[in-house]
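> Chains as they are written, first to last, in the numbering used here: chain A, 1 to 316; chain B, 1 to 316.
Hints are computed from structural coordinates only; laboratory data are not their basis.
Glycine included, every Cβ here is placed at the ideal spot set by N, Cα and C.
Certain hints may be false.
Unchecked claim - Partial pick of chain B residues on the chain A-facing surface, computed with a CB cut under 8 Å: (1) VAL53; (2) VAL78; (3) VAL187; (4) LEU191; (5) THR194; (6) GLY205; (7) VAL227; (8) ALA231; (9) VAL233; (10) GLU234; (11) ASP236; (12) LEU238; (13) ARG244; (14) LEU245; (15) SER254; (16) THR256.
Protein chains: 2
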Amino acid sequence: MFALVIDDGSLAWRERPDPVPGPGDVLVEVAAAGLNAADLLQRRGLYPAPPGVPADVPGLELSGRVAAVGDGVDESWVGRRVAALTAGGAQATHCVVPLEHLLEVPEGVGLVEAAGFPEAFCTAHDALLTQGGLAAGERLLVTGAAGGVGCAAVQIGRALGATVVALTRDGRHDEALRALGADETVVADDLAATEPVDVVLELVGAATLPAVLRRVRPRGRVVVVGVGSGARVELDLLAVMGARLTLTGSTLRSRTRAEKADVVGRVARDLGPRWRDGGLRVPVAEVVELRDGARAYDDFSRPGKLGKLVLTAGSA
Amino acid sequence: MFALVIDDGSLAWRERPDPVPGPGDVLVEVAAAGLNAADLLQRRGLYPAPPGVPADVPGLELSGRVAAVGDGVDESWVGRRVAALTAGGAQATHCVVPLEHLLEVPEGVGLVEAAGFPEAFCTAHDALLTQGGLAAGERLLVTGAAGGVGCAAVQIGRALGATVVALTRDGRHDEALRALGADETVVADDLAATEPVDVVLELVGAATLPAVLRRVRPRGRVVVVGVGSGARVELDLLAVMGARLTLTGSTLRSRTRAEKADVVGRVARDLGPRWRDGGLRVPVAEVVELRDGARAYDDFSRPGKLGKLVLTAGSA
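One chain only, chain A, in its complex shape (with noise of 0.2 Å):
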């Protein structure tokens, strides 16, 4: 196989052995793979891989089609359009994956939009229910909506009954993020001046994470899960006892693989309908194909995309 290879913070497309799926796994040919900012931070070496995963090739979420399964998996997987939740690997042209962390393809979604549904929309929905505990008629923020996740979170408030106001950096994606299930939209200069909220989705970091905690209602969860414009914030710990805050940071990919499956299963359980339905959608900014996969990565900090970065192995 080929894999896009991190070699001292630079990205090259190499030739690497081909992977062999273990009892319970299957070898996915990948038709394309995500680009998230976990990957980004891999590449400065800020986020290693966990243990058992290749150290040096990124990529948190593929599409593509089951080309061999593993000891315990049944055959008629093969050939199968799959999208899949990876701990690392994916952007290569085949990819190993535990069954368990596997979403069947709706029929009518295309493999390339496919392949921006499961690390955007597992990190959403594990972060606004099972960590914020959103409830239907709450307000939700969600910083940095026009990324892959703010996207999902959008529409997976949109679907639970909350109330969703939705932060970009200038509001140049205001109408899609209505059009997507936002019933407001902010800039951040003007986050003061927005109603408080009970839930927020922080996929920002510093950048906002100061001015978000003043727009919070007593008892708010906060869960930040992306922290590109910095990680270091001061905390004003007075403020966060007197109203009863809880701040959760949560990343999906440390987590074991019953974990994984526990999150992957919630998705389809939740989601799945919606997805086939057509209810559900994966705006996609860019398509770069993975042997130039370092242009994209180049690209995914500039402003102005809506949605994600998908990167193409030819078999899309």
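Chain A is already provided as a structure; the job is to place chain B on it using the hints.
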């Protein structure tokens, strides 16, 4: 009645109109009132009383005898020895308290010691169990363990079957903390050598929290209820995400009457039998007459004490 009154950052002993119990309330003739860090903050103007509570009479817990009852409260309460969680106003000769915020003081427990029970044990119980989800077999770190809430937390953690690590400034009370139930004791400088913990009760604030956060296991819960050393800390969000930590700020005072009743009810249910059996103790570091309360406030922040400072109204 007479009360300790905050007047522009100072404390004075002044006469005030006698309070009258409303429906569902009792009037307590105060025997003693515990002193808490929140009172010091209130004196400095940093912790305003919630609506409906006298703004200038501090005091969040008391013991005494019921002197009168409001509508709907059985007359048989009159004369009973009680302790109570209050939203303020306890540092006076008389205080009105909702019936459901009372705890009956066990026979054999003196009213001085009882005055230091409600705030410390309600705060610690709520923080450890309701906010922190502490479970048997987990490792609990209590910072500021020699303080009133700290001594309560050590005892509750032990009773729950957790392994309790008590952190103090200088270790001078290590023996007493082990007698209360600490399995291990540590001073702040040696924290890095301690085995990581699952739950932290942070009672000190800025001076300890950054080092504490480096000793928390993945999925750990940090509950902040005290910030005597300072409230501003720099947080590394990437570390919080990587370890999937939850940081919760909590305070009892701002809660509704029903929420407080819930906390008091849990304490009565979970800890009442152990309090009656002599299995829970309130170490009292110093007893000062209420009318000399200013002196106790000055002593509060002086290092070296174990347990509570209690102010007595003369009827103890």
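> Now tell me, hint by hint, if it's right for this structure.
Going through the hints against the structure:
1. VAL53: It is violated, given that the least Cβ distance between B:VAL53 and chain A is near 15 Å, above 8 Å.
2. VAL78: violated, 35 Å
3. VAL187: Violated - the Cβ of B:VAL187 stays beyond 8 Å from chain A, reaching only about 22 Å at its closest.
4. LEU191: With a closest approach of 18 Å, the B:LEU191 hint is violated.
5. THR194: Since chain A brings no Cβ nearer than about 22 Å to B:THR194, farther than 8 Å, the hint is violated.
6. GLY205: holds, 6 Å
7. VAL227: Since the shortest Cβ distance to chain A is 5 Å, the answer is holds.
8. ALA231: OK, holds: B:ALA231 within 8 Å of chain A, min 4 Å.
9. VAL233: Hint holds; B:VAL233 Cβ to chain A Cβ min 5 Å, cut 8 Å.
10. GLU234: Since the shortest Cβ distance to chain A is 5 Å, the answer is holds.
11. ASP236: holds, 6 Å
12. LEU238: This hint holds: B:LEU238 lies near chain A, its Cβ roughly 4 Å from the closest one there, short of 8 Å.
13. ARG244: Check passed: Cβ of B:ARG244 comes within 5 Å of chain A, closer than 8 Å.
14. LEU245: Cβ of B:LEU245 sits 5 Å from chain A, so the hint holds.
15. SER254: holds, 7 Å
16. THR256: Result: violated, 10 Å to nearest chain A Cβ.
Figure legend: structure checked against the earlier numbered hints; hints not met, in rising order: 1, 2, 3, 4, 5, 16.
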